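Q: Residue-level listing of the chains:
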Amino acid sequence: MKKIGEKIYFFIIMAFLYLPIIYLIAYSFNDGKTSVWKGFTFKWYEALFNDAQIIGSLYNTLIIAVLASIISTVLGTLAAIGIYNFKGGVRSAIQNVSNIPIVNPEIVTGVSLMLLFTFAGVMMGFEMGFWTVLLAHIGFCTPYVILNVTPRIRRMDSSLYEAALDLGCSPVQAFFKVVFHELLPGILSGFLISFTYSLDDFVITYFTRGSRFQTLPIQIYTMTHQRINPKANALSAIMFVVVIVLLIIYNFASLRKDKEAAR
Amino acid sequence: MKSKRPAIPYLGWMLVFTIVPLVMVVYYAFTDSEGHFSVEPFINASVYSEVFLYSLLIALISTLICLVLAYPLAFSISRCSQRGQSLIIMLLMVPMWMNFILRIYAWVLILQNYGPLDMILNFFGIDVTLIGNSGAVIVGMVYEFLPFMILPLHTVMSKIDSSLIEAAQDLGCSGFYVFRKVILPLSVPGIISGITMVFVPTASTFLVAQYLGGTQFMIGDVIERIFQSDHNTGSAIAVVLMVVILGCLVFMNRFGDKEAVN
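In order, the protein sequence lines correspond to chains A and B. Residue numbering for the first sequence is 878 to 1140, as defined by my numbering. Residue numbering for the second sequence is 4 to 265, as defined by my numbering.
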């Protein structure tokens, strides 16, 4: 960006992306409910932390995200290895079906799962809630794990695995001592993507949660739908700080890795 | 490592949680409330064809605005130093990590009556309603999805060698011709993936119109509302939406492949 015009344009776009968030955060400290500034306060933060429903839904969100990302990482890594051993047309057919949750509009995935769970619920006598949300989240996370692990398998030298077998490893040992290390970067990024997508999902959770189960995005929806609620502003501020801190940690970690690699 | 067996659990999973649900949507779309074969759901759904076209139009306009805004930005980012590029990309991703409903809610606060923008315009004697119309919906969509246009464009453009551009300049190309003959053809794959990454979610999203569009809903909102009472009509709309979106994807892919071959 050498020209002054380019710089100005860059700052305009950045202002467009950041000003709404800054405005949101600034008004979390406003001692009134309207856009008139009535003085500085922390009362919305207090109200937020004393709201048992919000804390409960945060807890639900974290549990679902941890379980969904772990299960879909295991399921997806195994699937990526197995699918890689299919040949030609069968393999690409499986991959296409696996990508359906990614390419299909989220709302269609949501309603289709709702139909399945309502039907199965009537047949087997259960209601939608924690378990159906967990199943739905595993369903949309696993394809991302497969997409991240598959390129690693393609790049891996398969003779490494055979060498481990020749040297007396059982297939399971060979997997954990050799293959796992080769695939680890792909597995990790698949895990992280799953975790963040699960944390942030609204649409699919909305259709599969039943009537009582709450996650944080659902709670945000109930807080802000058709009304102004400064507690949502306070929540935005906290989330923004968390995102920034995570990004800084991530960057420091990758910077250190680069330095180690350079040595 | 040579075995297909590790895929078995996931193959079963896909059957139960991907294929069966889609078959159920199609089944519901072609049956009446008593479970007999019928095209009645599609007849009921045709009431919403205007909303459907409106949603596609909003998605198209939002996608074009994103493309126009993102293209020059992505190019100037791609000419920065390596470190500058990764810093800027990170800055672009921070707002994306914020919850999507909170980001629309921010625009509700900004555009509302007696909100900051309304006050500023009132001060200059301009009296307009900023919220509750298609314009507000488009602003919300562009805000939500602009980074999804910038990132794929940047990925492709950062691979364009600067010496290609310099060569074109040395051979007497004006600024416009450098763009037309070098930069544009090389960035087509990025344009295509950017368009699909913005168009698909904007056409099918729900909530944005409920928050910013007043009474004019989009097709995602209609599906949500109808599914609360009538699974058959809702499924019919979902089937149409799915077919249209997948059709767009196939068309874009074809287009992309042909461009790449030429």
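By construction, these hints were calculated from the structure, which means they are not laboratory data. Keep in mind that this is a model prediction, so the values were computed, not measured. It is possible that some hints are incorrect.
Below, computed lysine-lysine pairings styled on DSSO-like, alpha-carbon distance capped at 27 Å [as the list claims (entries may be wrong)]:
id	chain 1	residue 1	chain 2	residue 2
1	A	Lys-920	A	Lys-1054
2	A	Lys-1054	B	Lys-5
3	A	Lys-964	B	Lys-184
4	A	Lys-915	A	Lys-964
5	B	Lys-5	A	Lys-1136
6	A	Lys-1134	B	Lys-162
Stretches of chain A that chain B covers, calculated by requiring three or more beta carbons in the stretch to come under 8 Å of a beta carbon on chain B [as the list claims (entries may be wrong)]:
id	segment
7	904-910
8	918-927
Pulled a few chain B residues facing chain A out of the computed Cβ check, cut under 7 Å [what the hints assert, rightly or not]:
id	residue
9	Pro-9
10	Gly-15
11	Met-17
12	Phe-20
13	Thr-21
14	Gly-38
15	Phe-40
16	Ala-109
17	Arg-228
18	Val-243
19	Met-245
20	Val-246
Each residue gets a CB set at the ideal place from its N, CA and C atoms; glycine is no exception.
Q: Against each hint, give a clear statement of whether it holds in the structure.
A: Hints, verified against the model:
{"no.": "1", "hint": "A:Lys-920 <-> A:Lys-1054", "verdict": "violated (54 Å)"}
{"no.": "2", "hint": "A:Lys-1054 <-> B:Lys-5", "verdict": "holds (17 Å)"}
{"no.": "3", "hint": "A:Lys-964 <-> B:Lys-184", "verdict": "violated (40 Å)"}
{"no.": "4", "hint": "A:Lys-915 <-> A:Lys-964", "verdict": "violated (68 Å)"}
{"no.": "5", "hint": "B:Lys-5 <-> A:Lys-1136", "verdict": "violated (37 Å)"}
{"no.": "6", "hint": "A:Lys-1134 <-> B:Lys-162", "verdict": "holds (24 Å)"}
{"no.": "7", "hint": "904-910", "verdict": "violated (count 1)"}
{"no.": "8", "hint": "918-927", "verdict": "violated (count 0)"}
{"no.": "9", "hint": "Pro-9", "verdict": "holds (4 Å)"}
{"no.": "10", "hint": "Gly-15", "verdict": "violated (10 Å)"}
{"no.": "11", "hint": "Met-17", "verdict": "holds (6 Å)"}
{"no.": "12", "hint": "Phe-20", "verdict": "holds (5 Å)"}
{"no.": "13", "hint": "Thr-21", "verdict": "holds (5 Å)"}
{"no.": "14", "hint": "Gly-38", "verdict": "violated (12 Å)"}
{"no.": "15", "hint": "Phe-40", "verdict": "violated (17 Å)"}
{"no.": "16", "hint": "Ala-109", "verdict": "holds (4 Å)"}
{"no.": "17", "hint": "Arg-228", "verdict": "violated (12 Å)"}
{"no.": "18", "hint": "Val-243", "verdict": "violated (10 Å)"}
{"no.": "19", "hint": "Met-245", "verdict": "holds (5 Å)"}
{"no.": "20", "hint": "Val-246", "verdict": "violated (10 Å)"}
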